Amino acid sequence: DQQVKQNSPSLSVQEGRISILNCDYTNSMFDYFLWYKKYPAEGPTFLISISSIKDKNEDGRFTVFLNKSAKHLSLHIVPSQPGDSAVYFCAFGAGNMLTFGGGTRLMVKP
Amino acid sequence: NAGVTQTPKFRILKIGQSMTLQCTQDMNHNYMYWYRQDPGMGLKLIYYSVGAGITDKGEVPNGYNVSRSTTEDFPLRLELAAPSQTSVYFCASAPSSYNEQFFGPGTRLTVL
Numbered sequence: 040d041q042q043v044k045q046n047s048p049s050l051s052v053q054e055g056r057i058s059i060l061n062c063d064y065t066n067s068m069f070d071y072f073l074w075y076k077k078y079p080a081e082g083p084t085f086l087i088s089i090s091s092i093k094d095k096n097e098d099g100r101f102t103v104f105l106n107k108s109a110k111h112l113s114l115h116i117v118p119s120q121p122g123d124s125a126v127y128f129c130a131f132g133a134g135n136m137l138t139f140g141g142g143t144r145l146m147v148k149p
Numbered sequence: 022n023a024g025v026t027q028t029p030k031f032r033i034l035k036i037g038q039s040m041t042l043q044c045t046q047d048m049n050h051n052y053m054y055w056y057r058q059d060p061g062m063g064l065k066l067i068y069y070s071v072g073a074g075i076t077d078k079g080e081v082p083n084g085y086n087v088s089r090s091t092t093e094d095f096p097l098r099l100e101l102a103a104p105s106q107t108s109v110y111f112c113a114s115a116p117s118s119y120n121e122q123f124f125g126p127g128t129r130l131t132v133l
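Just so you know, the protein sequences line up as chains A and B, in that order. The numbering used here applies: residue 40 is where the first sequence begins, and numbers increase by one. The numbering used here applies: residue 22 is where the second sequence begins, and numbers increase by one.
Note that these hints are calculated values from the structure, not bench results. Small disclaimer: the values here were computed from a predicted structure and weren't measured. Any given hint could be a false lead.
Pairs of lysine to aspartate or glutamate, EDC-like flavour, derived with a Cα cap of 16 Å [said to hold, decoys possible]:
#, chain 1, residue 1, chain 2, residue 2
1, A, LYS93, A, ASP70
2, A, LYS110, A, ASP63
3, B, LYS30, A, ASP70
4, A, LYS76, B, GLU121
5, A, LYS148, A, ASP123
6, A, LYS110, A, ASP94
Cβ-Cβ distance ranges computed for the label pairs, FRET-style [as the list claims (entries may be wrong)]:
#, chain 1, residue 1, chain 2, residue 2, range
7, B, ASP59, A, PRO118, 26 to 36 Å
8, B, ALA23, A, GLN53, 33 to 43 Å
9, B, SER39, A, SER113, 42 to 52 Å
Quick partial rundown of chain B residues pointing at chain A, CB under 7 Å, derived from the structure [what the hints assert, rightly or not]:
#, residue
10, PHE31
11, LEU64
12, PRO126
We put the beta carbon where it would ideally sit given N, CA and C, even for glycine.
I would like the entire structure built from these sequences, with the hints used as guidance.
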């Protein structure tokens with residue numbers, strides 16, 4: 040039973056353009072939503088989060104959107120930079136636990 | 022602050038051997054977690070703890086044990102290593118639920 044899906048295993052974007060990463064979920068009990076970024080040989084690092092009562096949260100170049108009715112979470116990065124090249128995980132919280140998506144490898148080309 | 026530290030960084034085990042993965046955090050966080058990440062996959066929760074003396078199972082606890090005797094330390098024990106336990110293991114901590122989790126650098130374990 041896959042509660043979370045990141046449907047795009049990889050994404051390639053030109054520097055300066057927008058990167059859009061998407062996740063879908065099925066568990067209605069999820070009530071907080073996060074994005075993590077991971078470089079090779081390092082642990083994931085927190086990027087941005089949103090609570091269930093909001094539909095948008097911005098932090099600099101990063102914006103997270105939540106569509107609860109569609110059970111859809113997205114991350115927009117604009118403008119994309121080569122240093123943004125990493126694996127991005129969506130994560131969904133319910134109680135004490137997080138459930139992670141499978142990750143999307145973002146490659147930003149100069 | 023060192024944050025979350027994990028030892029060892031790498032380890033190769035033979036089938037049936039046992040080992041303990043160490044995790045320490047210096048942020049005085051009550052919540053600690055152990056995850057495993059298989060190649061090309063997301064993180065799966067093994068065990069977590071909401072405070073010293075309290076542990077609970079996550080999504081994939083079979084073959085592992087944990088203890089939490091102090092706020093700082095949360096070791097993960099593999100008693101009888103199996104090839105299916107070949108993975109990268111991440112420890113994380115958080116001040117509470119509904120907060121971001123801070124991750125360690127990971128331990129890459131291979132069981133042959």
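Enumerated hints in conflict with the structure, sorted upward
Result: hints 3 and 10 break, sorted rising.
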